[in-house]
Every structure is written in structure tokens, then in C-alpha cells.
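Chains A and B, in that order, are what the protein sequence lines are. For the first sequence, numbering that gives the first Met the number 0 begins at 0 and goes up steadily by one. For the second sequence, numbering that gives the first Met the number 0 begins at 0 and goes up steadily by one.
Worth flagging that the hints you see were computed from the coordinates, not collected in a lab. Mixed in with the good hints there might be a few duds.
Note that the list lumps identical chains together, so a pair holds whenever it fits in one copy or between two copies.
Stated by the list, open to error - Lysine-lysine pairs mimicking DSSO-like chemistry, simulated, CA-CA at most 27 angstroms apart:
#: 1; residue 1: Lys81; residue 2: Lys241
#: 2; residue 1: Lys45; residue 2: Lys60
#: 3; residue 1: Lys324; residue 2: Lys177
#: 4; residue 1: Lys175; residue 2: Lys324
#: 5; residue 1: Lys81; residue 2: Lys60
#: 6; residue 1: Lys177; residue 2: Lys144
#: 7; residue 1: Lys81; residue 2: Lys144
#: 8; residue 1: Lys238; residue 2: Lys81
The structure displayed is predicted, hence computed values, not measured ones.
Number of protein chains: 2
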Amino acid sequence: MTYAAPLADMRFALREIAGLAGVAALPGYEHAGEDMIDAVLEEAAKLAGNGLAPLNRDGDKVGARLENGVVRTAPGFAAIYKEFVTGGWNSLPFDPEFGGQGMPWLLATGVQEMWQSANMGFGLVLLLNQGAIDAIQHHGSPEQKATYLPRMIAGDWTGTMNLTEPQAGSDLGQLKSKAVRQGDHYLISGQKIFITYGEHDMAENIVHLVLARTPDAPAGVRGISLFIVPKLLVGADGKPGKRNDLRCVSLEHKLGIHASPTCVMSYGDDGGAVGYLVGEEGRGLSYMFTMMNNARLAVGVQGLAIAERAYQQAAAFARQRVQSKDDASAAPHPVAIVRHADVRRMLMTMRAQIEAMRGLGYYAAAQIDTALRHPDAATRKETQTRVDLLIPIVKAWFTDLGNEIASLGVQIHGGMGFVEETGAAQHLRDARILPIYEGTNGIQARDLVGRKISRDGGEAMRALVAEMRAEHSRLATLAGDDIAAVATGLEAAANALDEATGWVAGDVRGDGRAAMAGSAAYLRLCGTALGAWVSARGAAAALARLASREGDAAFNEAKLVTARFYAEVILPPALAQLGPLRAAGRTVFALPDEAF
Amino acid sequence: MTYAAPLADMRFALREIAGLAGVAALPGYEHAGEDMIDAVLEEAAKLAGNGLAPLNRDGDKVGARLENGVVRTAPGFAAIYKEFVTGGWNSLPFDPEFGGQGMPWLLATGVQEMWQSANMGFGLVLLLNQGAIDAIQHHGSPEQKATYLPRMIAGDWTGTMNLTEPQAGSDLGQLKSKAVRQGDHYLISGQKIFITYGEHDMAENIVHLVLARTPDAPAGVRGISLFIVPKLLVGADGKPGKRNDLRCVSLEHKLGIHASPTCVMSYGDDGGAVGYLVGEEGRGLSYMFTMMNNARLAVGVQGLAIAERAYQQAAAFARQRVQSKDDASAAPHPVAIVRHADVRRMLMTMRAQIEAMRGLGYYAAAQIDTALRHPDAATRKETQTRVDLLIPIVKAWFTDLGNEIASLGVQIHGGMGFVEETGAAQHLRDARILPIYEGTNGIQARDLVGRKISRDGGEAMRALVAEMRAEHSRLATLAGDDIAAVATGLEAAANALDEATGWVAGDVRGDGRAAMAGSAAYLRLCGTALGAWVSARGAAAALARLASREGDAAFNEAKLVTARFYAEVILPPALAQLGPLRAAGRTVFALPDEAF
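Start from the sequences and build out the full structure, keeping to the hints where you can.
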């Protein structure tokens, strides 16, 4: 049940795969030197391992509770949240103009991984606040920024996202909450569901961002506007004062993330909650989209994080649990199950995919920094295109893997994995929300095929394929069985990705229905193939380190072996998704609706 | 949350794939004619749908509780169990000499699927009782049979299996419970864990089958004996009397199957529980193995059953939940999500694999009947070999799919799937035990490779491959795109299975370590390939029915389309497990233990 941030692995991914040096060289990140980054990572690791991780079990068992309209968070949560605020952890990547530390998203992503591994139920309050800050930073008025951002960036106040209504889930065009203009503000009324940390006892104020419809607005998504609706109205002195007309009416009873209060929020029961329009009327949904990349990357990182946590727990169990003799030895005495082939196969499967996710996730974060800060506009634009392409893959592939890996963690524990006291099952329960929220993984696959590949005919993906091929050419010159196997895998991955992308791009030039039927297969193929790419880059770096005797030899050798396992064991079934991708459209719509 | 037994699908699998007519023609099954079987299925469907299924949610929510040493089962369980007993449902497949109905295991398997779909937490008491009956029937003395079997077969008394101890899970050789001879009985002492329905309030008596070690017995598995240890000692009048020295000291708090009490049992706290030796000393574990095939088939069927339940719930939700417009239409209004490509892809994935599992599971049950009852000894022996080969595949593949399909069920529900009230999450939680108990799926893969393939060099599997090829030859003569695609898939499946088996058989002639590292990949390939076989047989039968205008045309067409989906979408990634199978051994042991 303990968690120790995998600092060596994280540093390796930051430097060798994400290109930390390049990010630190971007304008505005001059203060983010290697020493500073190392220090931040180490301090975060302490807080995650010693502070957050021990609260995770009670967060699950006790959970958040609604009592007389007040949400009590789990034991220790309010206290540790104070530590976050005083330690300045909330402000890491945000604008120094409003009190942020202006650190790279790359660093923030590494740190975020730790929070989410240590305690996902807690970590959610940070993610929602980040999303709300992003929205106000991008679209708020100067006054709104001055009023809300400093307090939210500090973490004294937290933010929420109020999108979903019972009839409007993935289809936000259906939402009905109302906003009626009254002088300088609007009166908001309606019910919102699935509001994460919609009410809690850890912060002085809660800043709700609410999507609602103005009277006479057109139907559908163009009638939706975005409002700031604070729990406590902010006075002229900038301090929270009068209670706004909104409340949490119930908490959902969920499969996992029990520590995170999932609220049903009611607005305007007493005449209307005071809300302030963000930007212009009718553009609410488009504002949401501008911060979606960061939010979806963050959810992908939650998938990585829960996988790492499950891996650490399963590996510790496998090293300790003694059961049955060793196949490789004549000795009859039982040995730790880490010696047994199938247990080891599971551990390697977890590890290889975690390393690939970390590489790709950090790479995506570095691209976000580059797209924000690069001095050259063309590079910024090109990089943004790559970010847009990667995000649905990161969100969906990582969160699917988070579930698969958490399930392997349960399996390694045997019967003990099914017993809640062990804690392995909590990771599986917590992970299960990830493929659902922040756009279901089906929506991600649809976005990938119907928007990202469709809009440029697959050009952005082919640029990635070209980089994979260039990497393969470099790898092909290196000596050794392991790297040769990694190179072979990379080549196969590039070829399959190229072929699949060509097929998808061709289909979406028509009605795209076949590509939609195969979109999940395509996304799985993309994720696994890109994972092979970052894994191969790591292997090449490890090989170079071995050659120059840099760093721990066992660590570098493990990177090489793990990349080979990925190339030979993880990759082949995913590349075979080429078949399902092409074929699914033939049968997916062949039965009448009533056959189901 | 409702369940309706899929009678048409079940009958199709029984007749067209399992060969019901052949089973009914076996000696001793003369009374199991088609009309009788139909009547039994229909009555069982009523009890499952109207009686058991509505209790499933409370079974989860309230669960079983231990109060002052007494286990109270969930609301309605004791009453419905009485209905089972009075309806004669317990006795279906058992020996008429002891009050059983002597029906085929094939029928019992279909009926079992219904109980487990409707309420897995309840259904477990039936499975454990079945295992205990099997053990006594095979290895008990005439007196033991006369004393226990009639009451257990009727269901007045239920049986349990007491194997696991804290230090002895998969490795039963480590068990420490003691049995000291005293006159005509033994005194049993020790603690057993994970004892399903070890204590409950539904039956008059509980007959524990306990593995324990006699003094001076050799270490390891050869020192283990099997004992009957009744909760209430049975008097000379055959009636339960004095309480034996055993008790349930606690219940596990589990991820799922909350209705099934998982007991820590303590034997001999007051000097020793009275136990009666079954068969000979030292043969306890080998006796367990004789009934393992039935028990593992039953657990596999639980995987099928939970998948069916999850499918029904997800399909109902997808037909009702309205969200977003239809890609295939210009109309802007939102439609039921069953119209959306990725939702439909998930439903087809569930459905195609469920049909394949049902076909293979019923086929395996029919083989068990044939191995028991066929007049020709050589056929019995040969069929038993096939059963032995199929069982680890059925157990592991079905239970892995049960989890994957229950997870798809949650996904189709979107955010509602994560909310416990919906019930979709319960199926996922319940399913998670299946790959663990009755031999973990890693143990199944080990059994498949290290015992079943190893002992005959893959001959039994090659006999199956030959049947697959013969089926392919038949299919290749049929006209139509769908059946041609199915035939192509079947051929690829036969080839991959042949090649994989050849590789495994070659490796196990050596030390077999590489084959063990790839055993999970091999098992997945085997299951999916055999699924393609039964699915193709179903498609051929459906085509013949269409040609002769037999039965419902839409039903038969759906079988054909679903088999094609299986061949084109489900099969390719699984056949690509050939790569991981061969490669895993290169890297699985390449890192030192301390690297994990």
C-alpha cells in the first residue's frame, strides 16, 4: 500500500524521451533548469509518498460524505490540502502574473503523475482546479482574471467544471440549464450531475464554471454559454462573502474514487444563482475545447499513474509471497512467486506498458510547452497539430491500459487481490472511471478518426511515422540482439501505423462509417505503435549510456530488455488490429437495432 | 437489472454445436429427450429470471453477514433456496441411486449458466455443493455415500471445499491443517480461508470437505488426506445432531460476490473436529483432481454467464439512452446510442464472444457426458483426453472474457456505469474473482502447456486442429460473402493453432521455460481459435437453416453476421499471440528479481 515515486524512471523519460533540455531552453522557461527540476521532483516525491499515499486507503473506505449540505472529505484530506497550498504545489505551471510559478507543463505532468499515483481521489481536486484556471486564463475578462486567478492558482479556492446534465452527457447540445441576464450578471438555474469536488471542506471558496443556455439562444451547442458561478460571492474587497444560490443535493455512490465527492449540483432553487459570463454568449462549448488538451492529457496521466501504483504493489507482493517451487531449480522448496514465469510475464507486461505510457505522456507534455512557447510561429503551429493528434490517443490508450494493468495487479495477488483490505482492488475500481470521463474513450476514437485524421488526410500522423522510420534507421546501425529486436518492432509499428492511417484517411474521405466502426481498433494500434517508438528511443538512449558507462548499468540494461519485451510481446497483437480496423464496418451495422 | 435466459441462443448451441441429439442417445440418458430438455430449460428460465435475478442487487448491497457466529445470507436467499430444493433443481445431473435425476451434464451446464447469470452470489452455493457431491460420489465409502449423498443431492445439506490456508494457496503442498486418527474417525484442527458458503442459514447441515495432514505423513502433496467434516454430526438415524468443533470466525470483505459468504473457518478449537477419511490417507489431492474438470467447467460457465448478464443490461441501456445524432442520417435529432458505431462495436464484441463461449462450453459439457457414458471404452478414453485439454482453456479464456465483457458493459453505460445504483459495475466486481479461484488463470495456462500439451506432444490438440480443417473444407463449398469470411478466419485459426502447438510441444520437450513464459499467450490463442471453430459451425448451421427456411430468419442471419464479426474482428489480434508466445521466453527472465 506504499508508493515511492519512480524518480529514476521519470528522469529518464523527461530527459531521454520528452527532451527536457529543449523545453528548458524555451523562452520563459529559463528558470526551469535541471537542478531546479530535480529539486521539485524530489520534494514532490516526498509529499506524494509520505503525505498522500497513506491517506489513499481511508479515502476509499471512509470516502467523502454529505452531511446537511456540507461535504466532509475523507480523514486527513483537508490537512494535506493545506500543505499543498502552503507548499505552493497548486501554482506550479501557471502564469506568474497571477502568482503562478510558470514552470513547464512537462514538469507539472511528472509531478501530477505522483499525486495521481499516490491518491487519485485526492488528486482530482487539483485537476479540476487546473481546468477551471485554464478556462478563466484563456477566456476571462481582465477583472475576472484579477478576481479569481490568484486565489485559484494559490489553491485557496478551487474550481469545478459543470457540464453534464441527466439528458446531456456526451451530447452537451442537449443541456437545459438556464442563464437569464440581469444587469452585470446572469441568474443561473438548473441541475448538473457528475460534478467532481462540486462541494467540499478543503478550500475557502469554490469557483464553479457552468455551461448554461441563455433565453432565445439557438438550439444545440451554439446556444451554450460559460459562466463563473462562485459558491460564495466575492465582495469588492476580493473576499468571499454572501452564499450564492447553489448547493450540492447529493453524492453519487460510485464504484471507485470514493474520496472524490461526485456531486449533483442544484442552481437557482431560490431564484437564481449569480453567474458571470465568460467571454461571449454562445461560445461556451468552444471555450471548453480550448482547455481540453490539458485536461485529457491529465486524465491519460491518471491512467499511467494508477498503473504505476498497481505495479509497485504487485511487484512488492510477488517478491514476498512464497508459493511453489522454482521451475529453474531442482530444489523442492517454495520460492517467491516473482520467480514464476506467468507472474513475471504479468509484471513485465505492466512495466513495459507503463514505461511506454510515461514516455509518450511526457513527450506530449513537452509538445504542449513547445506549442505554447517556441519562438517560431510555424513551429508552434506544427507542434500544436501534433498535440491535437496525440491527445485522444494519450487519453484513451493510457486509460484502457490503466484498467488492464490494475487488473493484472489484482491477478498477481491471487485470492488476496479480491479482498479489499489488500488494496489492489481499489486501484482497479478507481481506474474504471478513466475511460469514461473527460470524453469517453469511444469519443476519443471518434475525435481521432473523424477530426484529427480527417482534417489533414492523415498528414500529421504520417509526419510521426516519418520520425519513427528515421529512428529505426538510427537503431538499425546499432549492434546487439536486444536493440535489433527493438528496431524490428519499431519498423513493423511504423509500417502498420502508416497502412492503417492511409486506410482511415481514405475511408473518411467518403462517409467514414467504416472508419468509425474501426476507430477503437485504430486508436489501440496508434497508441501501441507510438509506445513502441518512445520505447525504442529509450532503448537507444540506454544503449548509449551503457556504452559511455553513464548511470546505473542495471537500470540501463533493464530499459533495453523492457523495450525488447514491448516490441516482441506487447506489440504484435496490437498491430494485428489492422484487420479489425478494416473489417469492422462490414458487420458492425449489419444487424438491425432490435437484434441487440 | 433484469435477466431473461437467452433460450433461443442456448437451444441453438445445444443442438447445432454441442450435439444434444448425440448426448441424448448415450446409454443412461434415454429419458433426456428433446421435449424433456426444453421443458427443463423453460422452467429454469422462469426461476432464474423471476426468482433469482431480482435478488441479485440486494445480494450485492446487503450481502452476507456474520452475526454471533451465524451467517445471515442476503434478503430472499433462504426462501429462494427452499424453492430450489423443493423444485428438485439441485439434483439434476446426479446419480439416480442417491436421488439424482441423472440428466446430462450438458443440460446441467445450460441450466447452470442461467443460475449464474441471474445471481452469481447465490449460484456459488450450488457449485460448491456440486463439487462436494462429486468428491463423495467418486471416492466415498458406501456408508458415506448413503449418509451424505441423498441429502446433499436433494440440497437439504450443502457441501464446501476446504483447501486454502494462508500460506497454502496455489501451492497446496504447504498446507498445515492436522488430522489425528481416533478410532473410526479423525480429529481435525487448523484454519482454512476463502471457504465459500462455509457457513450460512439456507440448509439444515453443511458438509465440509477438508484437506488435512496426518501425523507422520510425508511432506508435500503426498501427505494430504481428504476428510468429511460435517457441521452437525449425523446420528445413527441419519439426522443432524451434535454440533461439531468447527466455526466460521470471520467473513472476507471482498470486491464482489458479496452475497456469497467467504469464510475463515476454524477447526478444532475445542479439541478437534470430528472428520471421516475419504478413501485412503495421502490421496486427498489426487481426489480433488478427479472432480476438477467439472468444477473448472462450471467456473468457465460463470464467465460466460456474467458476460451474458452484462450484455443484456448494456444492450437494453443502449437501446434506451438517447444521445447525439446518427452519423448515417442528416436529421439533427439525437438517437439511441445503439445507433453509434463504437457502441455497436462494443455490443458486437460482447455478443460474438458470448456466442463463441457458449458454443465451446456446451461442447465441452457434451464431451464430459460422452466420456462418462459412451459404450465404447476407446471413445470414452479419447473423449476424456479432449475434455482434459479443453478444461483449462474453458476456465481461463471464459473468465478473462467475462471480465473484459463486464467492463465493456460498464463502458456502454458511460458515467452511469460507474454509479453503483445502475448495477453494471456489480457484474465487473463479481466477475473479477473468476480468473483467480478454482486455479488462477496462470495455473490453467501452466496446466495446458506443462501437462496437457506436454504429455502427448500436442496430439490431442492436433486432433482438434484436424476437425477445424475438416470444418473449413465443408465451409469452403458454401456460397456467400459472410460464410466465406468465416471460412477464411477458421482456416487462419487452424493454421495458427497448429503452428503454436507445434512450437509449444517442441519447447516442452526441453525445459519448457520459454513455453511457460508464453503460456498465457498460447491459451488466449487456443481459446480464440477454438471459439472461431464453434462460431463457424454455428454459422454453417444457420446457413443451412436459412436455406431450408427453418426457424426465424433474422435469428439465423444474426448468427451468420456475428460469426463473421468474430472471424474478422475478434480473431486477428488473438492469432497474433503467436509472436508473444515464441518471444516471451527471451525477456521474461532477463531481469534480476530485484529489478521488480
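Hints and how they fare:
In the homo-oligomer, the alpha carbons of Lys81 and Lys241 lie at most 27 angstroms apart inside one protomer (23 angstroms), although the nearest pairing across protomers, at 61 angstroms, exceeds that limit. In this assembly of identical chains, Lys45 and Lys60 lie within 27 angstroms of each other by CA distance solely inside one copy; the values are 24 angstroms within and 38 angstroms between copies. In this homomeric assembly, Lys324 and Lys177 come within 27 angstroms of each other (Cα to Cα) only across copies, at 23 angstroms, whereas the closest approach inside a single copy is 67 angstroms. For the identical chains of this complex, Lys175 and Lys324 are inter-copy neighbours only, at 17 angstroms across copies versus 63 angstroms inside a copy, given an alpha-carbon limit of 27 angstroms.
Taking the shortest Cα distances, Lys81 and Lys60 sit within 27 angstroms of each other inside one copy (22 angstroms), while across copies they are farther apart (35 angstroms). Only within a single protomer do Lys177 and Lys144 lie at most 27 angstroms apart by alpha-carbon distance; the minimum there is 24 angstroms, versus 73 angstroms between protomers. Taking the closest pair of Cα atoms, Lys81 and Lys144 come within 27 angstroms of each other only inside a single copy of the chain (23 angstroms); across copies the shortest separation is 68 angstroms, beyond that limit. In the homo-oligomer, the alpha carbons of Lys238 and Lys81 lie at most 27 angstroms apart inside one protomer (18 angstroms), although the nearest pairing across protomers, at 66 angstroms, exceeds that limit.
Comparing the model with each numbered hint stated earlier shows that all of them hold.
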